[in-house]
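Same order as they appear, the protein sequences are chains A and B.
The first sequence begins at 1 in the working numbering and counts up one residue at a time.
The second sequence begins at 1 in the working numbering and counts up one residue at a time.
Since the hints were derived computationally from the structure, they do not count as laboratory data.
It cannot be assumed that every hint is accurate.
Subject to a maximum C-alpha distance of 27 Å in a straight line, what follows is the list of computed BS3-like cross-link-like pairs (lysine-lysine) [claimed, not checked]:
hint	chain 1	residue 1	chain 2	residue 2
1	A	K2	B	K138
2	B	K138	A	K3
3	B	K281	A	K41
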Amino acid sequence: MKKILLSLIILIIGITFIGRLSYLQIFRFSSTTILDDTAIKPVYDYPERGYIYDRNGKLLVANQAAYDVMVIPREVKPLDTLEFCKLLKIDKEKFIKKLKKARIYSPRLPSVLVPQLSKEDYGSLQEKMRKYEGFYIQKRSLRYYDTKSGANVLGYISEVNERDLRKNPNYAAGELTGRTGIEKQYEEILRGRKGIKYIQKDRFNRDIGPYKDGIYDTLPEQGKEITTTLDKTLQEYGEKLMHGKRGGIVALEPSSGEILALISGPTYDPSLLVGRERSKNYTKLYYDSIANPTWDRSILAQPSPGSPFKTLNALVALQEGVLSKETTVRCYNGFYVGKTKRGCHCGGGLRNMTSGIQKSCNAYFASTFRKIYDKYPTTDEGMDVWEKHMKSFGLGNFLGYDLPTGSKGRIPNKAYYDRAYGDNRWASSFIISNSIGQGEVATTPIQLANMTAAIANRGYYYTPHVIKKIENKEISIPKYTKPKYTTIDKKHFEPVIQGMADVYRKGTARGLQVKDIEIAGKTGTVENFTRIDGVRTQLTDHSVFVAFAPVENPKIALAIYIEHGYYGSRYAGHIASLLIEKYIKGKITRTDLEKRMLEKTLEHEYAKPYSGEPFKINEYAW
Amino acid sequence: MLGRTAIKRIDWFSILLYALLVVIGFTNIYSSTFSEESTSIFNFSKIYGKQLMFIIISIVAIIIVLALEASFYERFSSILYSISLVSLAGLFVFGKTVAGATSWYNLGFFSLQPSELAKVGTALALAKYLSDIQTDIKRKKDQFYAFLILLIPAFLVIPQPDPGSALVFFALIFVIFREGLSLIYLGLALFTILVFVTTLMFGTTWVGVSIGLLMALFYLFKKKTTKIPIIPTISFYAIVIVFSLSVNFVFNSVFEQRHRDRFSLWLRLEKDPKKLEEIRKTIGYNTDQSEKAIESGGFLGKGFLEGTRTKGDFVPEQHSDYIFSTVGEEWGFIGTTTVVLLFTILLLRLVFLAERQKNPFSRMYGYGVISILFIHYFINVGMVIGMLPTIGIPLPFLSYGGSSLLGFSILLFIFLKLDANRLNEWN
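If we strip away everything but chain A, and leave its shape as in the complex, we get (with noise of 0.2 Å):
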């Protein structure tokens, strides 16, 4: 026992030792990387964002450099606080307090004394930094907007959240990303790449150098620039026009599907979610919960499209044969369902189709829709067939543009109804409301455009998109080169089309009509209620309007929403033949029609609801 005592301790610890050693390098080491290891602090090198251009290149959006001052406090000396304050235009107290958190962040490491100076302070500040030991200038690139429109479609960036870095690993703290709009869309493309060197730290987490000579290193890639679609004057035009005004606007070129405009009322200056007033701008925005600016009326609005959709319901009619562009139909001034009467605005007589859509009679269009479903023998057959029509034109679904939000609409269908009513309970006339663009139908206006577009291409549409080319080449995404064809054959749109050109000729829209332009377009007054105290009312009704021109080889489709802007033709048809005009001729000339959008506004409408008072609707008064 004497003898082996000590050999068996001395194998007995050797055996702990080992056992120790492997749980500690080869359990507990598991898949380490470099970027756990503490000593090692990757630097990133951040490429320049992209530049974004409208298709006129045009510059949108650029950068813009922020100077930060840093200071490491430890390295702080003795300073003529009261001159350095000057420079820095801050006060003594708050330069001491900064400098105190910087102290307590970490004496050793770069904190930010003052963020963002502008370039003017900085060229001051610059000459005279040397004789400030412990501080310097960090310089940082921001976005610079070139216009002070299109907030809603360039979108903003802003530092990344937990979230963001919990689901993408290439982001680290700090760092930027596209929020909305195209900045969110095509992030990948315009943030380019970012370089990483690690720099090896010793205990102190100072630099010592790079690790291993740099050769896990890599450069930082720049980000490319994108040309937008867009059209800037388009752009910044109808946004001057939506002045005081709530809706949206969408402009699209109907032979490509690129959208020239995408306008959402009340907008913002996007410089506003840039450099240091950027919180307390976003939260003012925010929160205005009534005119809400940051909700993007023209791609997430969805009220009911009102008289335009009577174009479609004549689409379907004649690629059905159930009526020819000849059938006649007696208003008299509304029309019976049972035995309740609904009314109608275009003054009575027969009409056909033409004459129907130009006076956008609501008896026409009741009959038209029940002879749709009345050629089928149920009318749930009915129903799927004109489901099936109205979702060619992409509706009742999202469009697929590339644009990170948007809304479905809706196309109601036999579903719908049957949750509603009871299976085998409703039939054409409970849902006779859908014939005049009421009811349960509901798109958002660039769905309504591009069902516009496709009347105007009669047949077909490109789903839109805001891309023309990255890096000046043109793109070629077959999802927005390729058509897609409506279920409705070339030749039933020329009668549809008359009439819509007649809408501008003699009909609803005369009033609007641009010298030299031939516009066709469709008015739409949409009724609309809310609930003010738990009572249901009824507000002065949604000016809709949509719009192609030239009528043969169109240049530009639109819609246009404009909330409580009364009849189709008042506040949306004004802006649509100001647009056209504009888009079109470079130049207005009915000055008479654009004086009148700058300067009306329809507050007054949106205070209504909120001002606790009882209140008219739909005033004839300008």
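Chain A is fixed; fit chain B onto it per the hints.
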């Protein structure tokens, strides 16, 4: 003199293991202290340059050790022991203080730590005393004198303060065990440690109850014929309880906070994870960092000069007491296991050599060498890999330090000289 036969008979296997450990040590000292500006290993202003110089000095010392007559060590052991004691005592007057410990003599170009050499003197003196024909280790008086030989240097180094070295002198008790001291002492010592630790962890009540239960079980299952001496048993139990009670007193009133924190960390006494983390970051900083460095090495290690934590100086004292963490980071599990195996093989080899000695003095000295090397290796590696509380003693042959390398080399090679000489006892 160094005859041809002596060279043949010397145990080259042990020398090979020794050489490997020294080379591994130098390699890792170089890695943990080199800087980009100067990479020449002959730069004597650098730590690794100095270590190279110490290696050369040690080789010279080894040659002298081997050149001397084997009988010299036995004959002069008392004198060497006396010199050791005087040099330790002299520290109180002439000592130089480094990092709070007055353990060095300043020799101008070189600081000498006499405790390293005193280990040699003490091992020699103990072997000499025990091998004396007059000594009978079964006698209490002789046991007392043997203990005294260890305790005098131990008590001389405690106030320096250098509790680590004191522990090393205590470790020589293994020699006495080998020569016949009853193992009951060892059992008692282990039992004391067990009661101490369990009392800290679970409290006196639990310790008292469980020891009482164990005794009751033993009583129930004993053979009918075995008589239990009632009074000694009860008084033993009483002593245990009193000791257990005194543990709390000692821990809370005699220990200083830093000692308490070390135990708190080692035995995970602190239940609040936040406070435990706090202790880990402060008092346990060294151990925490060295564990992390070793862990980050993984199976194969990061490679020579590639240890990021070594380069960043995250582990304090990495070139001296914590050199094993550099091995762990740069050479991985392969490296650490190699070092552990080298030590295990060297120690077992030395046990084998000791056991083959005909001369009792040589055998006992051999056991002294083994005890001293083993306790250093055990405490140092145990501390660096986080199994034992922090006690600052170097890892033999690997850690940076002239005195320790010189001391360990002389210690080992005196034994190898004695071993080489085992066949011509009459010389």
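- Between K2/A and K138/B, does the CA-CA distance stay at or below 27 Å? 14 Å, holds
- Message: Next pair to validate is K138/B with K3/A; report whether the Cα-Cα distance is within 27 Å.
- Response: Cα-Cα ~17 Å, so holds.
- Holds or violated: K281/B to K41/A, with C-alpha atoms at most 27 Å apart: 21 Å, holds
The structure meets every hint from the earlier list without exception.
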